[in-house]
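J.: Numbering of the sequence shown is given in my numbering, commencing with residue 2 and proceeding in unit increments.
Treat the hints as calculated values from the structure; they're not laboratory data. Please note that a few of the clues may not be correct.
[To be verified] Below, in silico cross-link-like pairs of lysine-lysine (DSBU-like), each with a Cα-Cα straight-line distance of 35 Å or less:
1. K98 <-> K110
2. K98 <-> K39
3. K129 <-> K110
4. K110 <-> K78
5. K129 <-> K60
6. K98 <-> K129
7. K60 <-> K98
8. K39 <-> K78
9. K39 <-> K129
10. K78 <-> K129
11. K60 <-> K78
12. K110 <-> K60
[Claimed, not checked] With beta-carbon atoms standing in for the labels, derived distance ranges:
13. D26 <-> I111: 47 to 55 Å
14. E62 <-> E37: 29 to 37 Å
15. E23 <-> V154: 34 to 42 Å
16. D94 <-> D51: 14 to 22 Å
Quick reminder that beta carbons are idealized off the backbone N, C-alpha and C, glycines included.
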Amino acid sequence: MADKQVDNEPDEGELAADYLEELLDIADLDGDIEIEVKNGRTYLSVASEDTDDLRPLSKPEVVQSLQELTRLAVQQKTGEFSRLILDVAGSRDRRAKELEGIVDAAITKIEEGASSAALPSMSSYERKLVHDLVAERGYGSESHGEGADRHTVITRGE
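Sequences are here, hints too, so could you generate the full structure?
T.: Written as structure tokens, this is what we have:
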């Protein structure tokens, strides 16, 4: 009995999509919303044929804020914590490429003799991506700090 959803109740993705549609309407922006569930986590993508429409919303800090607002809106409706992931106009792919560059620069420092390299603070989702990238390259990583100061430190692999 893994599925807690009652047939007549909207799921997390539908609730989040409804919330985002209302926000887009208020901002007078056009966007298509796609919902995907992978490994028990809901992913929402907002896209537009005219990418300039969504440009103001696709900045990393804006996407992060919209994601948090959407999570809170879903939580308010369901009473359960939401871990949904939001992408606006390809913002997640762009950020993943930026994180690759950050990881590559940190590994270069370690290869040049540093014992470790601390990365800037980032969200838990971004830290997860970083940990995966670091492991793929044969290095170690740990998260340090609390709250908004939580960051990843990369070290030589074992």
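J.: Please go over all the hints and tell whether each is borne out by the structure.
T.: Checked hints:
1. The hinted pair formed by K98 and K110 meets the criterion: a straight-line CA distance of about 19 Å does not exceed 35 Å.
2. About 21 Å separates the Cα atoms of K98 and K39, which keeps this hinted pair within 35 Å; it holds.
3. Between K129 and K110, the direct Cα distance comes to roughly 21 Å. Compliance with the 35 Å bound is thereby established for this hinted pair.
4. Simply put, K110 and K78 have alpha-carbon atoms about 47 Å apart, too far for the 35 Å limit, and the pair is violated.
5. For the given pair, K129 sits about 20 Å from K60 by alpha-carbon distance, which is consistent with the 35 Å threshold.
6. Between K98 and K129, the direct Cα distance comes to roughly 14 Å. Compliance with the 35 Å bound is thereby established for this hinted pair.
7. For the given pair, K60 sits about 14 Å from K98 by alpha-carbon distance, which is consistent with the 35 Å threshold.
8. This hinted pair checks out: K39 and K78 have alpha carbons roughly 22 Å apart, not beyond 35 Å.
9. Of the supplied pair hints, the one linking K39 and K129 holds, its CA atoms being roughly 15 Å apart against a limit of 35 Å.
10. For the suggested pair K78 and K129, the alpha carbons sit about 27 Å apart, so the restraint of at most 35 Å is met.
11. A distance of roughly 27 Å separates the Cα atoms of K60 and K78; the hinted pair therefore holds under the 35 Å criterion.
12. This hinted pair checks out: K110 and K60 have alpha carbons roughly 28 Å apart, not beyond 35 Å.
13. One distance hint, 47 to 55 Å for the beta-carbon pair D26 and I111, holds here, with the actual separation near 48 Å.
14. For E62 and E37, the Cβ-Cβ distance of about 24 Å falls outside the hinted range of 29 to 37 Å, so the restraint is violated.
15. For the hinted restraint 34 to 42 Å between E23 and V154, the CB-CB distance of approximately 40 Å keeps it satisfied.
16. Between D94 and D51, the C-beta spacing of about 18 Å keeps the proposed range 14 to 22 Å intact.
Checked against the numbered hints given earlier, this structure breaks hints 4, 14; the rest are met.
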